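Q: Residue strings, one per chain:
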Amino acid sequence: MPIRTVMKANEAAAWAARLARPKVIAAFPITPSTLIPEKISEFVANGELDAEFIKVESEHSAISACVGASAAGVRTFTATASQGLALMHEVLFIAAGMRLPIVVAVGNRALSAPINIWNDWQDSISQRDTGWLQFYAENNQEALDLILIAFKVAEDERVLLPAMVGFDAFILTHTVEPVEIPDQEVVDEFLGEYEPKHAYLDPARPITQGTLAFPAHYMEARYTLWEANENAKKVIDEVFAEFEKRFGRKYQKIEEYRTDDAEIIFVTMGSLAGTVKEYVDHLREKGIKAGAAKLTVYRPFPVEEVRELAKKAKVLALLEKNVTFSVGGALFQDFSRALINEKERPIIVDFILGLGGRDVTFKDLDEALAIAQKALAGEEFDEVNWIGLRKEIL
Amino acid sequence: MAVRKPPITTREYWAPGHAACAGCGCATALKLATKAFSEAMEEKFGDPNAFAIAQATGCMEVVSAVFPYTAWKAPWVHVAFENAAAVASGVEAAWKKKGQKGKILAIGGDGGTADIGLQALSGMLERRHNVVYLMYDNEAYMNTGIQRSSSTPYGAWTTTSPPGKYSIGEDKPKKWVALIAAAHQIPYVATASIGNPFDFVKKMKKAAKLEGPAFVQVHCTCPTGWKSPLEKGVEIARLAIETGVWPLFEIENGDFFNIKIQSPGGGAKVKREGGKVVAIEFKKPIEEYLKLQGRFKHLFKRPEAIDEMREQIKAMWKLLGVDVTLPKPEE
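First to last, the sequence lines map onto chains A and B.
For the first sequence, the working numbering begins at 1 and goes up steadily by one.
For the second sequence, the working numbering begins at 395 and goes up steadily by one.
I should point out that these hints are in silico values taken from the structure, not numbers from a laboratory.
Be a bit skeptical, because a hint or two may be false.
Only pairs whose alpha carbons sit at most 25 angstroms apart, straight line, appear in this in silico SDA-like list of lysine to any residue [claimed, not checked]:
no., chain 1, residue 1, chain 2, residue 2
1, B, 665, B, 723
2, A, 312, A, 357
3, A, 234, A, 285
4, B, 685, B, 654
5, B, 691, B, 539
6, B, 492, A, 48
7, B, 491, A, 194
8, A, 197, B, 441
9, A, 197, A, 226
10, B, 467, A, 48
11, A, 55, B, 495
12, B, 654, B, 567
13, B, 425, B, 413
14, A, 55, B, 667
15, A, 197, B, 491
16, A, 197, B, 495
17, B, 467, B, 573
18, B, 491, A, 203
19, B, 492, A, 314
20, B, 491, A, 204
21, A, 363, A, 278
22, A, 314, A, 363
23, B, 495, A, 199
24, B, 491, A, 192
25, B, 712, B, 667
26, B, 603, A, 207
27, B, 626, B, 404
28, B, 490, A, 226
29, B, 492, A, 186
30, B, 491, A, 205
31, A, 391, A, 113
32, A, 363, A, 285
33, B, 438, B, 513
34, A, 374, A, 340
35, B, 491, A, 189
36, B, 490, A, 45
37, B, 495, A, 194
38, B, 467, A, 208
Computed from a prediction, not measured in an experiment: that's the story for all the values here.
Just need the whole structure built from these sequences, with the hints factored in.
A: Set out below in structure tokens:
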């Protein structure tokens, strides 16, 4: 029987790792993710998880050790955030290029400078071109589930890509919520043993991994990564369906809320989706035709689903906890790519908000709504808007 | 007719056809190291192939694994420049969990070990992974075109330590990573040289057979970076030993008070007390080593720099507990 309990997202992530039975875990503590390696240490110390836990001296070595272990053919896991993920950056490309299905839990946190330990998505958004799959959790249950899903998708032979699962710093990492821990047997059936045909270090059948490629081969190697990302779109849908069948919880790349007759759809990711859904209820009560949509999958970018979503709205209001300088938020760029050649498309208005842990309130969303309504009315509007700025200290 | 047993296994793990420069001393080191590993694994586990290699970016990586070819007949993985020790940690952990018998060999040059990879190396040693780390020391960043490293010796020309009006070439003493490794109190640390292949093979076998981490720093000539004759690689490396430039030693469990020093040969007089080497009187001047290499050519117009080099070599030996006398060339 699944266990219904309460826990923080960090504990949920550690539980997901335990249920996935990785053989090697390598991690370095960083706020707000530290509880994950602590909890895993306990699991290993108590014999509840039969894994080698390498207490590395940096995040660079954490991901490098995971690459080594994954290249040797075992399931691996690590957790990090912010500067730690940034320190891994170099090796993230390599893990993807070597097609190693490592899973990383990310407690989404702002990047320095100024140093800030609180939530935004700049850390993992900045890894969007590394070739990794990216999932974002709205709550602690999703953090647990998406890690299991990430392993399943990552290890699929049509994919073989590493994956990261983001959940917001403090808002989720340190907040206790109800979580259902699935049965180990069901997880075992869902994930199966990881027995790679492409990555192993076996003296009986020596192979060379991590070669140099000249211009004659490099581009094809990159293209296979592109293809794997494309393949992942279908595999993710299959895995979501299987997950629902086994565990009873439904996931979609884009989850919609009250979008059917909506004029303005707010689009966001992570825990902010909860606030936005409540805000939509509040607007509906006032007779404003608003809806919400949440991206659970950010990479591969769900282009087709975005096009379907776009058909339902006159204005897409993107609420983003990240910045791509002189562009807006990363979602603005991604949504533009998905919609630019559509014959009919909604207006897109971009909102940057909630950086470095700033709370996003209904007042902030009112500010965004006002701009979205101007766009809806055909009035002039700014494409990129910083919401909740304290203009008095600028 | 009796057939002489070859001094080392004829099994090859580093195949011909790799793209190293002619006369590359590092290629020789890797060939010997893998053979030594194979013998050790055969003696320990009855399986000569029971090892895997994790290698840092560097000369020996780029020349050995150019897709779709490979020079490696052992399981081999390369990830990046600074993380061979961390990658090896992961491989070792995976093997442990899989119940795979054998030992992991990590390989890095002096750049990947003394400089950019020093942190990962320290972590790997401190955590006591069952890995032998082999540092092939050709004393500069040769892969990027001969820039100085912290392992470049005093006085050497490199492209980033050019001699000039205000420069004698590299102006810092060589950093001895073997001593840093030994400070981790790991079971075994050794220096070796392709100039003494028997000693090198013996040390690699010892390192491979013991449980826990070991570190071996092997001196390798680089004709391209040292501007030295292709055919004199082993001779030059041997002269480094015989003139006192390159010490051969072993440190077990970080016991700096009982460093084992190997005799340098070359007519050097070795003085022992209670079995320990306490003094060495070298007979060959360091100039014999220096003069075969273009990287030191400019020093012959700056004899005071060569004297300074002698002082630094004495200081290095002092750290090993040995008083050395270094002769000047006869006038």
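Q: All hints are to be evaluated individually against the structure, with a verdict given for each.
A: A quick look at each hint next to the structure:
1. B/665 <-> B/723: 22 angstroms, holds
2. A/312 <-> A/357: Violated - the C-alpha atoms of residue 357 of chain A and residue 312 of chain A are around 31 angstroms apart, more than 25 angstroms.
3. A/234 <-> A/285: 37 angstroms, violated
4. B/685 <-> B/654: 29 angstroms, violated
5. B/691 <-> B/539: Satisfied, since the Cα-Cα distance of roughly 19 angstroms is no more than 25 angstroms.
6. B/492 <-> A/48: Distance ~18 angstroms between residue 492 of chain B and residue 48 of chain A Cα, so the pair holds.
7. B/491 <-> A/194: Measuring from Cα to Cα gives roughly 13 angstroms; hence the hint holds.
8. A/197 <-> B/441: 23 angstroms, holds
9. A/197 <-> A/226: 20 angstroms, holds
10. B/467 <-> A/48: 38 angstroms, violated
11. A/55 <-> B/495: Holds. Residue 55 of chain A to residue 495 of chain B sits at ~23 angstroms (cutoff 25 angstroms).
12. B/654 <-> B/567: It holds: about 23 angstroms lies between the C-alpha atoms, which stays within 25 angstroms.
13. B/425 <-> B/413: The hint holds at about 14 angstroms.
14. A/55 <-> B/667: 43 angstroms, violated
15. A/197 <-> B/491: 18 angstroms, holds
16. A/197 <-> B/495: Roughly 21 angstroms between the alpha carbons, so the hint for residue 197 of chain A and residue 495 of chain B holds.
17. B/467 <-> B/573: Violated, because 32 angstroms separates the two Cα atoms, which is more than 25 angstroms.
18. B/491 <-> A/203: 16 angstroms, holds
19. B/492 <-> A/314: Violated, because 56 angstroms separates the two Cα atoms, which is more than 25 angstroms.
20. B/491 <-> A/204: 17 angstroms, holds
21. A/363 <-> A/278: 13 angstroms, holds
22. A/314 <-> A/363: Satisfied, since the Cα-Cα distance of roughly 23 angstroms is no more than 25 angstroms.
23. B/495 <-> A/199: OK: residue 495 of chain B and residue 199 of chain A at ~18 angstroms, within 25 angstroms.
24. B/491 <-> A/192: 17 angstroms, holds
25. B/712 <-> B/667: 16 angstroms, holds
26. B/603 <-> A/207: Status holds; Cα separation ~24 angstroms.
27. B/626 <-> B/404: Measuring from Cα to Cα gives roughly 24 angstroms; hence the hint holds.
28. B/490 <-> A/226: 34 angstroms, violated
29. B/492 <-> A/186: 23 angstroms, holds
30. B/491 <-> A/205: Measuring from Cα to Cα gives roughly 19 angstroms; hence the hint holds.
31. A/391 <-> A/113: Holds, because 20 angstroms separates the two Cα atoms, which is no more than 25 angstroms.
32. A/363 <-> A/285: Status holds; Cα separation ~16 angstroms.
33. B/438 <-> B/513: 31 angstroms, violated
34. A/374 <-> A/340: 21 angstroms, holds
35. B/491 <-> A/189: 21 angstroms, holds
36. B/490 <-> A/45: 17 angstroms, holds
37. B/495 <-> A/194: 20 angstroms, holds
38. B/467 <-> A/208: 8 angstroms, holds
The earlier numbered hints that this structure contradicts are 2, 3, 4, 10, 14, 17, 19, 28 and 33.
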